[in-house]
Amino acid sequence: MSDFTFSHETVLERISKKFEGLIIKSDVSYNILTIEVESSITHQLIKWLKDDSILNLSFLTLIGGIHYPENKGKELGVVYHLHGLESNYRLRIKTFVSIENPNVDSIVDIYVGANWMERETFDFFGILFVGHPNLCRILNEENMDYFPMRKEYHLEDDTREDKDDRYFGR
Amino acid sequence: MSDLKENKIRTSHTSLSKETIDGDIATLNFGPTHPATHGIFQNIMKVDGDKVLSSEQTVGYIHRAFEKLAERRPYNQITPITDRLNYCSSPINNMGWEMTVEKLIGAEIPKRVDYMRVIIMELARIADHLVCNSVIGVDTGALSGFMYVFQERKKIYEMFEEVCGARLTTNIGRIGGFERDFSKGFHDKLKAFLANFPKAFEEFDSLLSRNRIFIDRTRDTGPINANRALEYGFTGPNLRATGIDYDVRVMNPYSSYEDFDFIIPVGVNGDTYDRFMVRQEEIRQSIRIIKQAYNNLPEGKYFAQNIPEFYLPPKDDVYTKMESLIYHFKIVMGETPVPVGEVYHSVEGGNGELGFHLVSDGGRTPYRLQFRRPCFIYYQGYPEMITGQTISEAVLTLSSLNVIAGELDA
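Read top to bottom, the protein sequences are chains A and B.
To get this note's numbering, take the position in the first sequence, counting from 1, and add 37.
To get this note's numbering, take the position in the second sequence, counting from 1, and add 47.
Hints were generated in silico from the structure; no laboratory data involved.
Predicted model, so just to flag it, every value in this text is computed and none were measured.
Check before you lean on any hint, since a few could be wrong.
In silico negatives: residues of chain A with every beta carbon more than 12 Å from chain B [claimed, not checked]:
1) T47
2) F56
3) G58
4) I61
5) G163
6) E179
7) D182
With a straight-line cut-off of 30 Å between C-alpha atoms, the simulated DSSO-like cross-links for lysine-lysine are [unchecked claim]:
8) A:K111 - B:K338
9) A:K62 - B:K115
10) B:K150 - A:K87
Virtual Cβ for every residue (Gly too), placed ideally from N, Cα, C.
So that you can see chain B by itself, here it is in the shape it has in the complex:
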């Protein structure tokens, strides 16, 4: 030791002075484009070392004025807007919107459509949860699980492609049902998926859910208790991880969810690990629902019969029948009058209660349409959840909340 001092060799590993290291609280501008945030989020944090003392978010970087756009579009042209909310599970948004309009216009939806929708929506939920949970794995340093389940997610997207021709921004279904019945390709792919997915999924599960490193990283990371979560307006898996069993599918069943037997998994601590585990179990329950819906898929029409002024007639009829030609023209030009009324309809989206508050004054477009975007509402709770945690835990908390920029900023 004394030799070192005599030769003026530095004993500390860094040339920074002790005051610089211990002294100040630093301000860290985390985002808006940072590889660890998985989206456009800005957090300005006060940090002491790597401990977060406080943080404030700015949002709105990809705001696209959807609510204003919707006031100028006929109802069927609003469905593509909803794609771009939570783009990890577009079909749920699409069908939520379609069901809102159907409620307003009083469409009688055949049971077959309900079941078809349930299959598509649960596939979308699986895709959404797979992204979220595998990304939690990535943020803890486990990349292989992510690669592994993205293959399964691709199979889900191929099924969407069979139904509607698109993969990510699906614009799936129509007001009144579907534009066509499930194709043979869809049936084949769904059967293969139901046979192979559970095994692949359990393999992914075994990589993480009992992994010591993963548990150490995620337990007590970004916790929130049930009361606080309710005050913040949390819904979906993030609320259920705190122990509240609120699920729109059960509380206000839509699209015949009351026909299916499934459980709502809940957590205890409301931390990242619980959010992960709730989503894992929801994927298993979704598979259960899809199996029930597919095995009992009722015979019948794939679109509502009582709303010809909203559902495009078959093209053959347009050329040969006067009424069909008129309806076709009115729908394409967006000239169909809509009843006056005010509707609130909500569905269980990938992240929670996705609501549509629609005010119609009888015009061709909504007078006012507001989306209840679960991300926007629960992201407010984020600073409280990460205060006192480290930066790496803040990253994990953000990905476990599954904040989707498109839904956040609308």
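In isolation and in its complexed conformation, chain A is listed as follows:
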């Protein structure tokens, strides 16, 4: 399971060298390196990771959103999972944007498969992917006017008093 051809340190070092000072945070969680970057460089970074002859992380596994309402100014996040099929190395990239101005560059021009994944992320979190060819709802109905995976929308009726969050979850 752990016979990666790269160690997390070498990957982080190589990325930090190229994007000096732009990596906000990095940590290794359950054997996957996670780096957090500014939303302005995600497009550039993902393209470079795909083209780089050594890292060659050229398979896009997943794009997803995440919402942290208490992180003011950085409420919405986009999580990318990349995979180098030759090296069998997985990398997680995160970027956070404010809920008022949730713009992230689209990567459809790098991975055509990102199209629906970005649409899904827009559909559920309202993250706007700049440069996406067809950014519209995909799984929810067209005339929906909110983004249901945001934390302010609870699954059950908020006015119920008999169900306490401490006992019945969020």
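Following the hints, put chain B in place on chain A, whose structure we already have.
For chain B alone, kept in the frame of chain A given last:
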């Protein structure tokens, strides 16, 4: 000829004018509920005659908000949700989820559980591939093979019933292992299956794989090349049919897959015939894996010993032991604290890399759970694959991609 004209008898077979027949490009609304789509898929196609010029899909007809539901459910209550993703191979989804949680909580899974899981997951893969391949046969007009293998599929479902009591939406296994060991009925049924299935399967194979009509219909139908497939994020048999040998079972072995000897079949052209052949060979390899796992099934416990706060204690102990009563209550009420962390775990599902991205903030439910649903990702490539093909080939391509509506829409 002249006689006919004098008597004003029409010479063409249709009363439609030549302009109507040759002139326009028609828009065809194919689906959402159409008998040839095997699920709720809508394709709006521009067609010239029966040739597809372009098409656009709409998805989401059976969206059930699983990711949102999961944010309010304790971990063990999420397993039934995963049943309803790819419902042709529910056990793979169930166990993929269980393994994700086990990774997060650091459960030490006994070897016996790994092997038991491998047997169940490979049976599920066989069931999944049998449905897909026999339906390709149906769409080419060969119905008998479908009837024939559904009998075998029923035997697999009977085995699931022996293990967990359910057939389709199985909710099989528990976080930490299984709720009980394999029963005698399961052993008997598995032995009978291993003895009889290969023969029945080869008979099915001989109906189609060298059948001239079948080959003519499926070869060069809905092709995609390896580079394009990778860009679209194809995984599983559909990617392997293009010649890329990416299989999660080998790349990132889980559940002791590294112990077994099997090959990853790959295709060349990435067309419907190759997808069919890859799945056929995968069924043979699955049988090989099941035989290895069953013959070497290790002795030991059928559940993890180090996670009493996640695995339900035996009912006798609940009545007599204080700790067991507490654990029982906490598990049933979903009150067990979970470590803070972020996990990505993937398994080789029936259709490709089925991933679980789980973010835990230590609460009783996931903070965020996202499923990597292979169908959703590769179905984007469908319009490109059918452009320039006929409508009947588009139907074949759709069934050979094995797009499952439950997984597509989550």
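Cross-check of the supplied hints:
Separation of T47 of chain A from chain B is adequate, the least Cβ-Cβ distance of about 19 Å exceeding the 12 Å criterion. A cut-off of 12 Å between C-beta atoms confirms that F56 of chain A is not in contact with chain B; the least separation is 22 Å. Listed as a non-interface residue, G58 of chain A keeps its Cβ farther than 12 Å from every Cβ of chain B; the least gap is roughly 24 Å. With 12 Å as the threshold on Cβ separation, the claim that I61 of chain A sits away from chain B holds: the shortest Cβ distance comes to roughly 16 Å.
At roughly 14 Å from the closest C-beta of chain B, the C-beta of G163 of chain A stays outside 12 Å, upholding its exclusion from the interface. Distance check on E179 of chain A: its Cβ comes as close as 9 Å (rounded) to a Cβ of chain B, failing to clear the 12 Å threshold; non-interface status is violated. No Cβ of chain B comes within 12 Å of the Cβ of D182 of chain A; the nearest lies about 17 Å off, and the non-interface call holds. Taking the CA atoms of K111 of chain A and K338 of chain B, the gap is about 52 Å. The hint is violated against a cut of 30 Å.
Proposed proximity of K62 of chain A and K115 of chain B is supported: the alpha carbons are some 28 Å apart, at most 30 Å. Restraint check for K150 of chain B and K87 of chain A: satisfied, since their Cα atoms lie roughly 29 Å apart, inside the 30 Å limit.
The structure does not agree with the numbered hints 6, 8 stated previously, though it agrees with the rest.
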